[in-house]
Amino acid sequence: MIIKGCIISGHYFDSVTLMSVAKKISGSPGVIDAAVVMGTKENRSILAGSGLLLKEFENATDSDLLFAIKAENNETAENLISRIDEFLKSTSKKDDEKQETSPRSIESACKFLSGANLALISIAGKYAAAEAMKALEQGMHVMIFSDNVSLEKELELKKYAIERGLMVMGPDCGTAIINGTPLAFANVVNRGEIGIVAASGTGLQEVSCIISNSGKGVSQAIGTGGRDVKKEVGGIMFIEALKALGDDPNTKVLVLVSKTPHSEVLKKISKALNEIKKPKVAVFFGVDANLEGVHVVKTLEEAAFTAVNCTENGTAEEVQERLRTRRRLIKEAARRGTEKLAPGQKYVRGLFSGGTFCSESQVIFKNMYSNMSGNIWSNVPIEAFKKLKNSWQSKEHTLIDLGEDEFTVGRPHPMIDYSLRNRKIVDEASDKETAVILLDVVLGYGSNMKPLKDLLPVLEEAKSIALENGRYLPIVCSITGTELDPQNRNKVEAGLKEAGVIVMSSNAEASEFAGYVATCLGTALGEK
Amino acid sequence: MISKLFSVGDRVKPGRYYKHSQFSRVVNYTDGDLLVALVNADVGAGPNNIVVSADRFLESSESLIVSEDKLAFDHEGFELELIPKYDSRFFCINEKAKTLDSVCEDIEELIFHYSSPLSLAFLLDPEREVNFRTNFEKQLVSKLKASWDLFLRGKINEAVVTAKGTGLGLTPSGDDFLSGILSGLRIGQLYYQKSLNKFCDEIYQEAIGTNIFSNTFLFYAKNGCFYESVKLMLQHLFVGSTISPELVEKVFSRGETSGADYIVGLWLGAARLCVTGENDARNV
Numbered sequence: 052m053i054i055k056g057c058i059i060s061g062h063y064f065d066s067v068t069l070m071s072v073a074k075k076i077s078g079s080p081g082v083i084d085a086a087v088v089m090g091t092k093e094n095r096s097i098l099a100g101s102g103l104l105l106k107e108f109e110n111a112t113d114s115d116l117l118f119a120i121k122a123e124n125n126e127t128a129e130n131l132i133s134r135i136d137e138f139l140k141s142t143s144k145k146d147d148e149k150q151e152t153s154p155r156s157i158e159s160a161c162k163f164l165s166g167a168n169l170a171l172i173s174i175a176g177k178y179a180a181a182e183a184m185k186a187l188e189q190g191m192h193v194m195i196f197s198d199n200v201s202l203e204k205e206l207e208l209k210k211y212a213i214e215r216g217l218m219v220m221g222p223d224c225g226t227a228i229i230n231g232t233p234l235a236f237a238n239v240v241n242r243g244e245i246g247i248v249a250a251s252g253t254g255l256q257e258v259s260c261i262i263s264n265s266g267k268g269v270s271q272a273i274g275t276g277g278r279d280v281k282k283e284v285g286g287i288m289f290i291e292a293l294k295a296l297g298d299d300p301n302t303k304v305l306v307l308v309s310k311t312p313h314s315e316v317l318k319k320i321s322k323a324l325n326e327i328k329k330p331k332v333a334v335f336f337g338v339d340a341n342l343e344g345v346h347v348v349k350t351l352e353e354a355a356f357t358a359v360n361c362t363e364n365g366t367a368e369e370v371q372e373r374l375r376t377r378r379r380l381i382k383e384a385a386r387r388g389t390e391k392l393a394p395g396q397k398y399v400r401g402l403f404s405g406g407t408f409c410s411e412s413q414v415i416f417k418n419m420y421s422n423m424s425g426n427i428w429s430n431v432p433i434e435a436f437k438k439l440k441n442s443w444q445s446k447e448h449t450l451i452d453l454g455e456d457e458f459t460v461g462r463p464h465p466m467i468d469y470s471l472r473n474r475k476i477v478d479e480a481s482d483k484e485t486a487v488i489l490l491d492v493v494l495g496y497g498s499n500m501k502p503l504k505d506l507l508p509v510l511e512e513a514k515s516i517a518l519e520n521g522r523y524l525p526i527v528c529s530i531t532g533t534e535l536d537p538q539n540r541n542k543v544e545a546g547l548k549e550a551g552v553i554v555m556s557s558n559a560e561a562s563e564f565a566g567y568v569a570t571c572l573g574t575a576l577g578e579k
Numbered sequence: 428m429i430s431k432l433f434s435v436g437d438r439v440k441p442g443r444y445y446k447h448s449q450f451s452r453v454v455n456y457t458d459g460d461l462l463v464a465l466v467n468a469d470v471g472a473g474p475n476n477i478v479v480s481a482d483r484f485l486e487s488s489e490s491l492i493v494s495e496d497k498l499a500f501d502h503e504g505f506e507l508e509l510i511p512k513y514d515s516r517f518f519c520i521n522e523k524a525k526t527l528d529s530v531c532e533d534i535e536e537l538i539f540h541y542s543s544p545l546s547l548a549f550l551l552d553p554e555r556e557v558n559f560r561t562n563f564e565k566q567l568v569s570k571l572k573a574s575w576d577l578f579l580r581g582k583i584n585e586a587v588v589t590a591k592g593t594g595l596g597l598t599p600s601g602d603d604f605l606s607g608i609l610s611g612l613r614i615g616q617l618y619y620q621k622s623l624n625k626f627c628d629e630i631y632q633e634a635i636g637t638n639i640f641s642n643t644f645l646f647y648a649k650n651g652c653f654y655e656s657v658k659l660m661l662q663h664l665f666v667g668s669t670i671s672p673e674l675v676e677k678v679f680s681r682g683e684t685s686g687a688d689y690i691v692g693l694w695l696g697a698a699r700l701c702v703t704g705e706n707d708a709r710n711v
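If you read the sequences in order, they're chains A and B.
Our numbering puts the first residue of the first sequence at 52, with every later residue one more than the last.
Our numbering puts the first residue of the second sequence at 428, with every later residue one more than the last.
Bear in mind the hints are in silico, worked out from the structure with no lab data behind them.
In silico lysine-lysine, DSSO-like type, Cα no more than 30 Å apart, as pairs:
#, chain 1, residue 1, chain 2, residue 2
1, A, Lys397, A, Lys349
2, A, Lys140, B, Lys565
3, B, Lys565, A, Lys75
4, B, Lys525, A, Lys177
5, B, Lys525, A, Lys204
6, B, Lys446, A, Lys140
7, A, Lys92, B, Lys572
8, B, Lys572, A, Lys55
9, A, Lys177, B, Lys572
10, A, Lys92, A, Lys75
11, A, Lys92, B, Lys625
12, A, Lys185, B, Lys525
13, A, Lys75, B, Lys572
14, B, Lys565, A, Lys106
15, B, Lys431, A, Lys162
16, A, Lys504, B, Lys565
17, B, Lys565, A, Lys92
18, A, Lys74, B, Lys565
Produce the entire structure from the sequences given, and follow the hints as far as they go.
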């Protein structure tokens, strides 16, 4: 690691240029931290506090422009410093050419891009409803990424939208793929003939990625936000989305994804599905739904496989056979893995960035074993499992959703910022009872753009801690993503495997592996 | 070449000025103390702005001479009496105006809706702190939060010293924030009809440094001068008339964050600091 910098005197650049260059440098590969600021005494003091103050900055004046770069190596830092002039010129030129300010309201955004028919709202929740209403009034569909929108506002927006033939995805809708364009947290997937309606963001991502990785594609993927399927909202948009995809000639197969919909909502969904004469697949966590004419499955992976199978006119039995074969292989791999464990290593520790994955793992464990519920803990337990009193302290088998509010207040989501989970990984590695660490890595837009850089050092540290204490620690990880994603799934998979991680193609597969480890260790009895 | 002058700011004083710096829409001239800016109509009028029409104003002259009746660039002269003068004073507060509390509530709403992610809007909306990710940015947040707390506790000198010169951009965020506070105090002075001159002078004296851009904004703010878009926005707010989003965007889009940083300061000055009065508000 090295810190380099330079001073530019006698030239002035506007703030837009300076902040744009700062962003460009900070986001460059190999850069750990960077700052581009005027050389005031106060800024130099902050640079000192940030570990970025260089000796040559000591005599800088208020009018000097300071560049400080902390990089992984000298070459990276030197290369960026040599390109600063180029960055400044290219950014200033762009600004000159633009000669316009960026839109900062729905109204002016519409003027900038006439004909736009969808607005993505991502602002503090207390203001999101007002902006969403402005967009609806302009005749646009709306995706509300923000959470903390009141139930009353959500209902008001959705009723208003329905009357005008518009969609409101969200609030708290993290993912959608509309006409091939990924929105918010979403992956770059093949286009195809499978339509998805999901009240679960990571659920939608997992299903769409598995479909794409299977060589098939997605027509539309519509998120609704988790609350849409609760009793109070009544599944308004979930049902509208089903109808829309039912009418869409490019959608041949429908997949429904949701965490526990309310029973009354489920009835309405069932009724809407009866009107759609296309193959339908549904995965509802926490509900043993029996919907006529619908393939109701238990995992996201199974939903994706079944949908793909439907496009090929295959049978449900073919999917089950594929899953049975795979389970035999996983079980054998888990058995071999446990032979290397030390006495005392007994429990699974799942650390999830995707909330749906945490739920799915619990459902998988519940389905795998008849009497495992006695020692499975979570901060978001499904029925029959136990709630941790202290989410920071694991107990027996523990499955944690790190995207819950208790962990995310004042910090980015764990799909973006791995730092909190990294701390938990080290904690779990230090616990002599940990037998296997179960992780998810979610790729795509919105997620961490440098997953290997942020994850590999801590995985190495975790393995070293275990090794120093005479333990072998298997780490099993699923990757949600495609090779078309900006992070490139294949590269991430190769990097993790090289670091000794057991990489699985889905969260379901990774969870089953962890479950079989527990079986082999005798801490999960009553295999079904 | 300058084909037409739209307006000259009321604080453009006679003197000889030399080119200081040039941006896409602004050319600055200085007499060694403060700046006079040649700007295009997108930027708009201001106490020290000369608004010109020509798209080619970038090829501007190296010097500017202002006399009592003329304004001259290298090769062109203009009669000042033929050019509209921009009045930068704010005087829209009368008995029919909305209350300052109500206007400040409106300003708070605008801050929430129009501020860019790395602006000081986090001082009013802590959820925005997540936008500050680098070590420098995180330290910046701590420092400006400390300044905010000091202001609210009446420790004015310490608050100014903590904020000044701090932050991102050509005019550091802290300086824009302090300019805003001075403007907010001037509004409060008009509204409550009480003198805050000494209070403003002390803040100004503590805030000025050697950054000529910051010093210029601080100077005009201290003297109760407002740039056109801010003045128009405030007039609309006090009258209670509808403000066009374009106008608000113009205020908030000065620099990357300067517009928002200034308005956050203005809110603090007008909504909080002027209320308790010149002698009670602080413990200098």
